Amino acid sequence: MIAVIDYEAGNLRSVERAFTHLGVECRITADAEEILRADRVVFPGVGAAGTAMKVLRKHGLDRVIREVAARGTPLLGICLGAQVMLDESDEDGGTACLGLIPGRTRRFDFSDKTFKIPHMGWNNIVCKRSHPVLAGINDNDRFYFVHSYYLDPANNDDRIAETDYGASFVSVTGRGSLLAVQFHPEKSGPPGLRLLAKFSSWKGDS
Amino acid sequence: MLSKRIIICLDVRDGRTTKGVRFADNVDIGDPVEMARDYYEQGVDELVFYDITASHEKRKILISVVDAVARTIFIPFSVGGGIGSLGDMAAVLEAGAEKISINTAAVLDPALINRGARAFGTQCIVLGMDVLKAGVRPGIPSGYEVYINGGRTATGIDALAWAREAQDRGAGEICLNSIDADGTTDGYELHLTSLINDTMAIPVIASGGAGKPEHLRDVFLEARADAALIASMVHFGGYTVGGIKSYLAGAGIPVRRQQ
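Quick note, the sequences are listed as chains X and L, same order.
For what it's worth, this note's numbering labels the leading residue of the first sequence as 1, then goes sequentially.
For what it's worth, this note's numbering labels the leading residue of the second sequence as 1, then goes sequentially.
FYI, nobody ran anything at the bench for these hints, they're computed from the structure.
Remember, it's a predicted structure, so these values are computed and weren't measured experimentally.
Don't be surprised by glycine CBs; every beta carbon is placed ideally from N, CA and C.
There could be a bad hint or two in this list.
Stretch-level coverage of chain L by chain X, calculated; a stretch enters the list once three of its residues show a Cβ under 8 Å from a Cβ in chain X [stated by the list, open to error]: (1) 90-101; (2) 111-123; (3) 128-134; (4) 137-144; (5) 180-190.
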């Protein structure tokens with residue numbers, strides 16, 4: 001069973017619908033025991049990092065997510081969920097995050113005004129190293145992005161895939177049983193569904 | 001590189017897709033869920049469902065359409081038409097839409113944009129604008145005026161000023177419809193599109209006038225639109241999404257090709 005962490009952060013049901021479509025059992029939950037019992041955990045979210053961290057702490061879910069990571073249960077962060085897996089975010093005047101992956105979430109800053117913020121729409125990802133969950137994804141596959149901040153992991157090994165928008169930024173990061181994607185696989189058509197299918201059988205190796 | 005988006009608009013009345021002439025000539029052209037699936041498989045980047053029922057008791061039918069679409073296709077889609085409160089927005093988002101398009105309601109109550117953006121995030125709020133060329137005159141320095149109620153009522157509001165205000169209030173995207181070009185199939189209003197687009201920091205969707213793939217090329221290359229809305233050319237114009245994208249790719253425009 002896959003647990004989708006419920007913390008009042010946007011459209012969690014689209015993730016659930018995608019897994020249901022794939023025939024994978026999945027439950028939206030804020031219950032610590034249910035999350036810790038799950039075979040895999042998805043940490044989605046849209047919104048702002050400051051609010052997200054406040055809600056997570058209020059419900060003790062920050063500790064639950066750290067425990068999921070410590071146990072080596074496969075964990076997939078999506079969009080805002082991915083960003084708050086790093087140490088800190090520029091958003092909301094600087095927000096201390098979960099610190100599961102060393103690095104910082106930074107705001108896009110373009111001197112060239114032809115690049116709009118948010119980065120919204122379909123873009124490619126270029127894999128910097130192989131990863132079981134990204135197997136079968138090629139450089140022509142496009143994924144759906146909506147974000148104004150980007151992942152900047154501290155370690156080179158954690159830069160799993162990059163995307164070009166104004167400059168190259170990290171669109172997939174992770175280490176061990178943790179994977180964090182900036183785009184929305186649940187809204188990215190066939191390649192997004194393939195990624196979620198791979199995640200639903202991933203053992204947490206990388 | 002980010003691709004240019006092609007968005008198909010479906011007008012929905014009483015749970016059925018109707019011919020794209022708003023408020024008149026309601027010819028049934030199919031089941032919106034089936035059409036959404038077909039366009040999804042053709043590789044469309046996004047869909048818009050525009051509710052022309054506009055009666056409160058029938059809104060439940062639209063919600064069930066949105067729910068069925070969300071279980072069938074896995075790309076973003078938005079819903080517009082008659083959304084005037086946070087409750088309406090929540091119902092549509094909960095049923096599975098990614099974004100909400102507001103138009104007349106935002107002109108009548110601009111703070112609705114702020115409230116929607118605060119409650120659901122700016123990426124959820126699309127400002128729809130119906131714009132008519134009015135000529136430069138006092139109060140309309142851009143020469144383009146905003147109309148409401150499906151393009152029937154003039155507001156005396158300048159289009160460029162309204163787009164800026166909506167962005168400042170938290171709109172995440174603008175869907176810019178030219179009343180002059182709408183229904184002509186002679187091409188998008190390029191001057192209006194570039195005027196608004198080049199001023200905005202948020203993405204702009206061009207709407208109104210698409211009749212052939214060359215029109216999309218022009219609005220992407222000359223007016224630099226981020227996305228283009230189409231309807232009749234795929235509903236009954238004989239074009240497919242794949243065909244349009246092949247043409248655009250050949251013209252050097254980045255598009256998403258379905259693998």
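How does the stretch 180-190 of chain L fare against chain X when you require at least three residues with a CB closer than 8 Å, holds or violated? It is violated, with 0 qualifying residues against the three required.
With a C-beta cutoff of 8 Å, work out whether three or more residues of the stretch 128-134 of chain L approach chain X closely enough for the coverage to hold. This one is violated; 0 residues, fewer than the three required, reach chain X with a Cβ under 8 Å.
Quick check: do three or more residues in the stretch 137-144 of chain L have a beta carbon closer than 8 Å to a beta carbon of chain X? Since 0 is below three, the answer is violated.
Verify the coverage statement for the stretch 90-101 of chain L against chain X, using a C-beta to C-beta distance below 8 Å and requiring 3 or more qualifying residues. Coverage by chain X holds for the stretch 90-101 of chain L (4 residues, Cβ < 8 Å).
Coverage claim, chain X over the stretch 111-123 of chain L, checked by counting residues with Cβ within 8 Å (three needed): holds (count 4)
Consistency with the previously given hints fails for numbers 3, 4 and 5, ordered from lowest to highest.
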